[in-house]
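Peer 1: Residues per chain, in single letters:
Protein chains: 2
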Amino acid sequence: MTRVAVDALGGDNAPGEVILGALDAAATGTDVVLYGPAGLDTQGLPLVETTEVIEMADKPAEAVRAKPDSSLVAAVRGVAQRDADAVVSAGNTGAMLAAGLLHLRRLPGVMRPAIAVPIPARQGPSVLLDAGANADARPDHLLQFAHMGAVFCEEILGVANPEVRLLSIGEEAEKGNQLTLEAHQLLRDDGTLNFQGNAESRDLLRGAADVVVTDGFTGNVALKLLEGTIKELLDALREEITATATGKIGGALIRPAARRLRTRLDPDTYGGAYLLGLRGLAVIAHGSSGRTAVANAIRLAARGAEHRVVERLAERLPERVGV
Amino acid sequence: MTRVAVDALGGDNAPGEVILGALDAAATGTDVVLYGPAGLDTQGLPLVETTEVIEMADKPAEAVRAKPDSSLVAAVRGVAQRDADAVVSAGNTGAMLAAGLLHLRRLPGVMRPAIAVPIPARQGPSVLLDAGANADARPDHLLQFAHMGAVFCEEILGVANPEVRLLSIGEEAEKGNQLTLEAHQLLRDDGTLNFQGNAESRDLLRGAADVVVTDGFTGNVALKLLEGTIKELLDALREEITATATGKIGGALIRPAARRLRTRLDPDTYGGAYLLGLRGLAVIAHGSSGRTAVANAIRLAARGAEHRVVERLAERLPERVGV
Numbered sequence: 002m003t004r005v006a007v008d009a010l011g012g013d014n015a016p017g018e019v020i021l022g023a024l025d026a027a028a029t030g031t032d033v034v035l036y037g038p039a040g041l042d043t044q045g046l047p048l049v050e051t052t053e054v055i056e057m058a059d060k061p062a063e064a065v066r067a068k069p070d071s072s073l074v075a076a077v078r079g080v081a082q083r084d085a086d087a088v089v090s091a092g093n094t095g096a097m098l099a100a101g102l103l104h105l106r107r108l109p110g111v112m113r114p115a116i117a118v119p120i121p122a123r124q125g126p127s128v129l130l131d132a133g134a135n136a137d138a139r140p141d142h143l144l145q146f147a148h149m150g151a152v153f154c155e156e157i158l159g160v161a162n163p164e165v166r167l168l169s170i171g172e173e174a175e176k177g178n179q180l181t182l183e184a185h186q187l188l189r190d191d192g193t194l195n196f197q198g199n200a201e202s203r204d205l206l207r208g209a210a211d212v213v214v215t216d217g218f219t220g221n222v223a224l225k226l227l228e229g230t231i232k233e234l235l236d237a238l239r240e241e242i243t244a245t246a247t248g249k250i251g252g253a254l255i256r257p258a259a260r261r262l263r264t265r266l267d268p269d270t271y272g273g274a275y276l277l278g279l280r281g282l283a284v285i286a287h288g289s290s291g292r293t294a295v296a297n298a299i300r301l302a303a304r305g306a307e308h309r310v311v312e313r314l315a316e317r318l319p320e321r322v323g324v
Numbered sequence: 002m003t004r005v006a007v008d009a010l011g012g013d014n015a016p017g018e019v020i021l022g023a024l025d026a027a028a029t030g031t032d033v034v035l036y037g038p039a040g041l042d043t044q045g046l047p048l049v050e051t052t053e054v055i056e057m058a059d060k061p062a063e064a065v066r067a068k069p070d071s072s073l074v075a076a077v078r079g080v081a082q083r084d085a086d087a088v089v090s091a092g093n094t095g096a097m098l099a100a101g102l103l104h105l106r107r108l109p110g111v112m113r114p115a116i117a118v119p120i121p122a123r124q125g126p127s128v129l130l131d132a133g134a135n136a137d138a139r140p141d142h143l144l145q146f147a148h149m150g151a152v153f154c155e156e157i158l159g160v161a162n163p164e165v166r167l168l169s170i171g172e173e174a175e176k177g178n179q180l181t182l183e184a185h186q187l188l189r190d191d192g193t194l195n196f197q198g199n200a201e202s203r204d205l206l207r208g209a210a211d212v213v214v215t216d217g218f219t220g221n222v223a224l225k226l227l228e229g230t231i232k233e234l235l236d237a238l239r240e241e242i243t244a245t246a247t248g249k250i251g252g253a254l255i256r257p258a259a260r261r262l263r264t265r266l267d268p269d270t271y272g273g274a275y276l277l278g279l280r281g282l283a284v285i286a287h288g289s290s291g292r293t294a295v296a297n298a299i300r301l302a303a304r305g306a307e308h309r310v311v312e313r314l315a316e317r318l319p320e321r322v323g324v
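As you go down the protein sequences, you meet chains A and B in turn. Each residue of the first sequence is one higher than the one before, counting from 2 in my numbering. Each residue of the second sequence is one higher than the one before, counting from 2 in my numbering.
Source of the hints: derived by calculation from the structure; they are not laboratory data. Warning: the hint list may mix true and false statements.
Treat identical chains as interchangeable: a pair holds within one or across any two.
Straight-line alpha carbon distances no greater than 25 Å define the calculated SDA-like cross-link-like pairs of lysine to any residue that follow [unchecked claim]:
#1 K249 to E175
#2 K249 to Q124
#3 K60 to L103
#4 K249 to V54
#5 K176 to I157
#6 K176 to Q186
#7 K225 to P61
#8 K249 to A259
#9 K225 to L235
#10 K249 to D236
#11 K176 to A67
#12 K176 to G95
#13 K232 to G208
#14 K225 to M57
#15 K60 to Q186
#16 K225 to P126
#17 K232 to A259
All chains should be built: construct the whole structure from the sequences, respecting the hints.
Peer 2: As structure tokens, this is what we get:
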């Protein structure tokens with residue numbers, strides 16, 4: 002049975018919602034082990050006792066070294082020591098990356114791990130990566146991200162021969178910045194990828210490609226802009242609708258439609274993002290994750306372990322990137 | 002009277018919608034002169050005859066040199082020769098930039114022109130720049146963009162002491178890529194700007210700051226993502242609503258509310274973006290501009306000329322950037 006290590010103290014709603022989410026995931030067949038302080042009421046779930054906690058404001062690399070017995074670091078170490086098959090935290094993303102690099106280490110041939118996020122596009126999920134592991138990236142990093150995203154797509158989303166595009170500021174090959182111009186050439190010259198050229202950000206939510214590759218700065222800006230715009234727009238619409246009596250009646254009638262849309266677009270539907278490129282599977286959940294998001298993040302982690310995503314990356318990545 | 006030179010052949014809907022928009026702007030008191038081919042039915046508006054046309058797919062710098070008598074280049078030259086006070090085109094953005102650099106030239110002290118776009122945020126318009134003039138930028142370019150944005154905000158939006166923020170991937174000063182980390186320091190150390198730190202993209206549509214500074218690649222990705230997400234979301238909502246009979250009735254009742262929101266968020270409300278940093282005022286309208294967008298872009302250009310935006314930049318920028 003797949004066993005997922007969960008940082009009980011990660012995220013804005015920890016430990017309460019984390020424990021509830023872990024219980025939900027356990028109820029649907031995932032073996033969950035929590036990492037947190039002695040005395041935590043885990044409602045029967047197994048607990049590995051830890052003594053420290055990494056805060057959202059902590060400096061990642063320092064915190065990971067200074068707090069080796071924090072719930073986050075201990076949970077990551079749990080995977081390194083094979084006590085668990087994957088780890089989930091809704092805590093400090095940078096700390097998760099630092100702990101992963103320190104305790105799980107990179108897969109052979111991988112230059113940089115990347116955060117791969119499923120975007121709930123209309124035409125089905127797209128995988129956007131890197132969504133923030135590396136603020137600065139080189140063209141050859143982007144080529145590796147493309148391969149990692151393709152493996153994610155094949156193994157987790159079940160897409161054969163996934164279409165890969167490079168996020169840029171025009172569809173033409175000669176549109177972009179220095180980084181994307183060079184990355185475009187590397188992607189085009191790679192014989193194994195189904196590379197279809199540049200994607201524009203305006204198509205991200207409609208469905209730009211199965212895999213959309215970008216550097217971690219642009220990817221993080223894009224992801225947060227997408228989330229913020231969806232939220233702000235639905236809030237603004239509700240405000241306009243409830244401004245008049247007629248609007249209120251109309252609002253009540255369209256509520257089921259609005260709810261269907263919200264459900265599709267809700268980041269909680271996936272619950273988290275894979276941190277790919279390490280010798281162990283890590284899932285980073287949103288800092289604001291509630292019960293449902295935590296449960297889905299744990300299920301996502303379990304699915305990754307069951308589909309042997311790390312092993313598939315290990316088998317195919319070094320060959321693909323010519324190491 | 003302020004006179005605006007308009008490229009009659011720029012944009013997807015030229016010349017028809019451009020001429021209609023020009024007529025609307027003329028009807029509300031702007032002196033418009035069209036640049037286009039002989040025989041064009043301008044419905045009485047003055048026409049400067051040109052013989053060439055720059056296409057959307059043309060390579061900007063080459064096209065501007067190869068087609069000196071194109072409607073776009075001739076309209077820009079009209080401003081350089083003081084035949085007009087400002088120029089508007091919905092055509093090739095890169096060509097507009099290249100023609101501006103060639104014929105208007107940069108203001109003293111300006112390293113790079115920038116495209117400044119008003120974002121229709123809930124808390125009032127924000128100015129985002131650079132929205133795409135420079136795909137690669139240096140930290141000192143971003144400092145100049147901040148000053149240009151501040152002048153835009155003061156003169157055109159009437160905001161005193163505008164708040165400036167740097168678009169990054171976290172609010173903390175130490176979050177970002179190499180470019181934003183260095184730009185953050187320059188912005189913080191500048192004594193004349195009301196710099197309030199980093200902004201996150203999730204807040205862009207709510208209202209992150211009066212001026213949001215970024216490089217042209219990130220700014221272009223952000224702008225197109227914003228536009229694409231708004232469109233896709235409203236389309237998806239309409240689709241969900243019209244899927245059921247009850248929803249259809251509700252949809253009819255909320256139509257006025259949805260229309261108010263669409264109007265606020267419609268890029269046509271501003272009609273265009275300023276290309277700042279040149280010795281003449283240029284407004285770039287959306288390629289898909291229709292009549293209303295063109296009319297508003299012409300009015301935006303006229304307002305910039307009346308508020309002497311270029312002169313204000315010339316007076317204040319060299320001093321501010323320490324030239």
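Peer 1: Indicate, hint by hint, whether the structure satisfies it.
Peer 2: Taking the hints in turn, this is what the structure says about them:
Neither within a single protomer nor between protomers do K249 and E175 lie at most 25 Å apart by alpha-carbon distance, with minima of 49 Å and 45 Å respectively. Taking the closest pair of Cα atoms, K249 and Q124 come within 25 Å of each other only across two copies (23 Å); inside a single copy the shortest separation is 31 Å, beyond that limit. For the identical chains of this complex, K60 and L103 are intra-copy neighbours only, at 15 Å inside a copy versus 47 Å across copies, given an alpha-carbon limit of 25 Å. In the homo-oligomer, the alpha carbons of K249 and V54 never lie at most 25 Å apart, since the shortest distance is 46 Å inside one protomer and 51 Å across protomers.
For the homomeric pair K176 and I157, neither the shortest alpha-carbon distance inside one copy (32 Å) nor that between copies (31 Å) is at most 25 Å. Proximity of K176 to Q186 under the C-alpha cut-off of 25 Å is restricted to the intra-copy arrangement: shortest distance 12 Å within a copy versus 30 Å between copies. Taking the closest pair of Cα atoms, K225 and P61 come within 25 Å of each other only inside a single copy of the chain (20 Å); across copies the shortest separation is 32 Å, beyond that limit. In this homomeric assembly, K249 and A259 come within 25 Å of each other (Cα to Cα) both inside a single copy, at 14 Å, and across copies, at 12 Å.
In the homo-oligomer, the alpha carbons of K225 and L235 lie at most 25 Å apart both inside one protomer (15 Å) and across protomers (19 Å), since each shortest distance falls under that limit. In this homomeric assembly, K249 and D236 come within 25 Å of each other (Cα to Cα) both inside a single copy, at 14 Å, and across copies, at 21 Å. For the homomeric pair K176 and A67, the shortest alpha-carbon distance between copies (20 Å) is at most 25 Å, but the shortest distance inside one copy (44 Å) is not. Taking the shortest alpha-carbon separations for K176 and G95, only the inter-copy value of 10 Å comes in at or below 25 Å, while the best intra-copy value is 31 Å.
Taking identical chains as interchangeable, the C-alpha atoms of K232 and G208 lie at most 25 Å apart whether they share a chain (19 Å) or sit on different chains (13 Å). In this assembly of identical chains, the alpha carbons of K225 and M57 lie at most 25 Å apart only when taken from the same copy (17 Å versus 31 Å across copies). In this homomeric assembly, K60 and Q186 come within 25 Å of each other (Cα to Cα) only across copies, at 19 Å, whereas the closest approach inside a single copy is 36 Å. Proximity of K225 and P126 under a CA criterion of 25 Å is satisfied in both settings, with 17 Å inside one chain copy and 20 Å between copies.
Taking identical chains as interchangeable, the C-alpha atoms of K232 and A259 lie at most 25 Å apart whether they share a chain (12 Å) or sit on different chains (16 Å).
Hint compliance for this structure: hints 1, 4, 5 are broken, all remaining hints hold.
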